[in-house]
Amino acid sequence: MSDAKWITQLQAVLDCPVREHQLPIHDWRLLSSEQARQPNERLQKPKTNAVTIGDYVSGPEGATWFALEQHADHVHVLEINRQQRLSEMEIRLIGWAVNQMLAESSKNYEGFSESERYASELGTWIDEQLDASEPKLLLPDRLISRGRLFSSMIPFLLVCEQAESGRASFGELEKLLRTFLAEDVLIIPLKEQEWLILGPASLIHDAQSGERDEEEEESLEESLASIAFGLHEMLASEWMGDCHLAISHPISPANSIIGTTALLRETVHLGRAFHIGANIHLPWLLHLERLLNTIPEAHRIKFVEQALKRTDAFLDPEILTTLETFFALDCNVSETAKKLYIHRNTLLYRLDKLKQETELDVRQFRDAVLVKIILLLYKVTKRA
Amino acid sequence: MAGVRLEHVYKKYAGTDLASVKDFNLDIKDKEFLVLVGPSGCGKSTTLRMIAGLEEISEGKLFIGERLVNDVAPKDRDIAMVFQSYALYPHMNVYQNMAFGLKLRKFKKAEIDKRVREAAKILDIEHLLDRKPKALSGGQRQRVALGRAIVREPQVFLMDEPLSNLDAKLRGQMRAEISKLAKRLETTVIYVTHDQIEAMTMGDRIVVMKDGIIQQAASPEELYNHPVNIFVAGFIGAPSMNFITGSLAEAGGAVRFKANNIDVLVPDGKAQQLREKGLIGKEIILGIRPEDLHEEPVFHEASPQTIVNAHVEVAENLGHEMFLYLNGLGKDSVIARVDGRSGVKEGVNVKLALDMNKVHIFDKESELNVFEV
Chain B
333 MSDAKWITQL QAVLDCPVRE HQLPIHDWRL LSSEQARQPN ERLQKPKTNA VTIGDYVSGP
393 EGATWFALEQ HADHVHVLEI NRQQRLSEME IRLIGWAVNQ MLAESSKNYE GFSESERYAS
453 ELGTWIDEQL DASEPKLLLP DRLISRGRLF SSMIPFLLVC EQAESGRASF GELEKLLRTF
513 LAEDVLIIPL KEQEWLILGP ASLIHDAQSG ERDEEEEESL EESLASIAFG LHEMLASEWM
573 GDCHLAISHP ISPANSIIGT TALLRETVHL GRAFHIGANI HLPWLLHLER LLNTIPEAHR
633 IKFVEQALKR TDAFLDPEIL TTLETFFALD CNVSETAKKL YIHRNTLLYR LDKLKQETEL
693 DVRQFRDAVL VKIILLLYKV TKRA
Chain L
15 MAGVRLEHVY KKYAGTDLAS VKDFNLDIKD KEFLVLVGPS GCGKSTTLRM IAGLEEISEG
75 KLFIGERLVN DVAPKDRDIA MVFQSYALYP HMNVYQNMAF GLKLRKFKKA EIDKRVREAA
135 KILDIEHLLD RKPKALSGGQ RQRVALGRAI VREPQVFLMD EPLSNLDAKL RGQMRAEISK
195 LAKRLETTVI YVTHDQIEAM TMGDRIVVMK DGIIQQAASP EELYNHPVNI FVAGFIGAPS
255 MNFITGSLAE AGGAVRFKAN NIDVLVPDGK AQQLREKGLI GKEIILGIRP EDLHEEPVFH
315 EASPQTIVNA HVEVAENLGH EMFLYLNGLG KDSVIARVDG RSGVKEGVNV KLALDMNKVH
375 IFDKESELNV FEV
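As given, the protein sequences belong to chains B and L, one line each in that order. Plus 332 on top of the position in the first sequence (first one is 1) and you've got our numbering. Plus 14 on top of the position in the second sequence (first one is 1) and you've got our numbering.
Everything labelled a hint here was simulated from the structure, so no lab data went into it. Ideal Cβ placement from N, Cα and C applies to all residues, glycine included. A few of these clues could be false.
Stated by the list, open to error - Rough simulated footprint, nothing fancy, chain B against chain L, three-plus residues with beta-carbon under 8 Å:
id, stretch
1, 87 to 94
2, 98 to 105
3, 113 to 127
Whenever a hint applies, use it, and build me the whole structure from the sequences.
Below, the structure written as structure tokens:
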């Protein structure tokens, strides 16, 4: 059971808010010494200087804090906020629960290397925040202090297709990525078969450097895309086979790891839904898909049916491939014909045929936009 | 090096009853250059990806050499892949790109260096070893991708449309180079393409696929001259084989093929086979390749009973040959490939002799070639 689940359980049993909190060490000591002066008040007298896990102090407004971990300037506590005073029995039980919670989370990492233990702890925390109704956006100190999370890093989200991942493969993946990307790459396991990878931002410079002739300088997004394609190629051939990979702009993980992980997860989800067969998903290319994804299923189907006189016009794989290529090449007829190895007139014939069947001429901007939307919606609605 | 064997292989995706690849059986010999060809969606790339280990096999067995590899990870299959969407490692130079797989497999530095330099020499990219991918042209990148596969010295090379991102000229050049390379390396190659010119020129054997099913697996010559059904006959050859629906009639001991504006004699050998198969008096589909319609007088004299008249709708002169788009023969347009110096013009009527020894007859219902069943 994760820490969050322990807290939810306690909240349900005690019927009051329970949360993790940081109490300045000075406040802890003050409250602790006040508490020590009150006879018969306490079940267990906390020592005034050293803090033991499960120790508690009571605040003036009904809050009770149980110590989880002591730091130099603060105590990481579990705050129980109930108007009604906790009974002796409840205090004992909460103390026991706190010890169980901490013992369980440390027991889970037995046999892990230091880097894997840290990565797993970080992954669990990220996962908890992403599942929480009110996620914390800043990393807690205990996780920052052991990482390199203030420097600029490139975030990738890797989702495996085949069941070879998991705890056993952490070491192998770490070794592989250290060889491939950089020694200081950070791999964070999230859900089963899902990994957040933080690579150094210097990769962008490495990818951009080299001899260039008269070519224009590569944009940041082009560099990131080429890094993602290279990484995917390497993982497919040198590790576990096929996988999905999303990449985003460099971030400072300490401040934005939750938001970025959420973005990357959404990117993989959208990429898989709207672009079957694609394995590398780039958030800056999925704006339209993100918008369309918010439309309820029934509305999508209705729209597609209304927009087309014959819904089977897009069933023809030849038309689908033609339109996808045509849009990918900015509606350039010559380039599309070249890419498809067909004569320009053949392409024009196909587009005219589509126009006859649907009354939509994709050479016109307005109709092109509409067909692009129909195509995206059609792909997700036909599988529903 | 090793062969590859697929036994009753199926690929089904979750949530669908339809199989993308159905009962695929094939024995690919050691050192064979095998080409999988077919229209988009026919299952050729899925088959290759199953061999690569990038797609799970739903049913059936896959052997590389004598080893069953259904559950073996791609990296442990001793294969090397070059795909259409090949991507180089952008932060590494050409040398590092080629050496990476070997470095990962803990090869000694000297051995890595030897293999990389040898591959670079074969591919003529020795002068590019220090460059980053960004500084390379499309053709050079393609060579590096090939080099990365070559240095592994795998048992099997898998290539999925590796030339489709190149322009026509470079594609022709690389096509020849890959063929040479395969012979030089003496390795098994499985090559996927939708381009029948690549298939015909590169493959020792070609597998034509449609709807996830093997239609025919044979040498290029066999496929061209003895297609087993209408699909293979129409898919292989450019321009495609002409198909004319008509009927077979017998009078005075001679069998004739009759259709709109066509009444031609079927040669004795073929006529006998048609009689034995009970096709006389029935509707069939006649298939004839464009080069088997002749406008030269010498053919007219030799085969007076196979002459037809047609109207030339379009004449495309390519210099060394000319394509005539004819109407008036059967329901659809018929194409003839004639000499570029024949002087035939658009809009005229032309006499053509059909080489009836080269025609194929297809059953109208099963679409099978009745001479090949």
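We went through each hint and held it up to the structure:
no., hint, result
1, 87 to 94, "holds (count 4)"
2, 98 to 105, "holds (count 7)"
3, 113 to 127, "holds (count 4)"
Against the hints set out earlier in the document, no violation occurs for any number.
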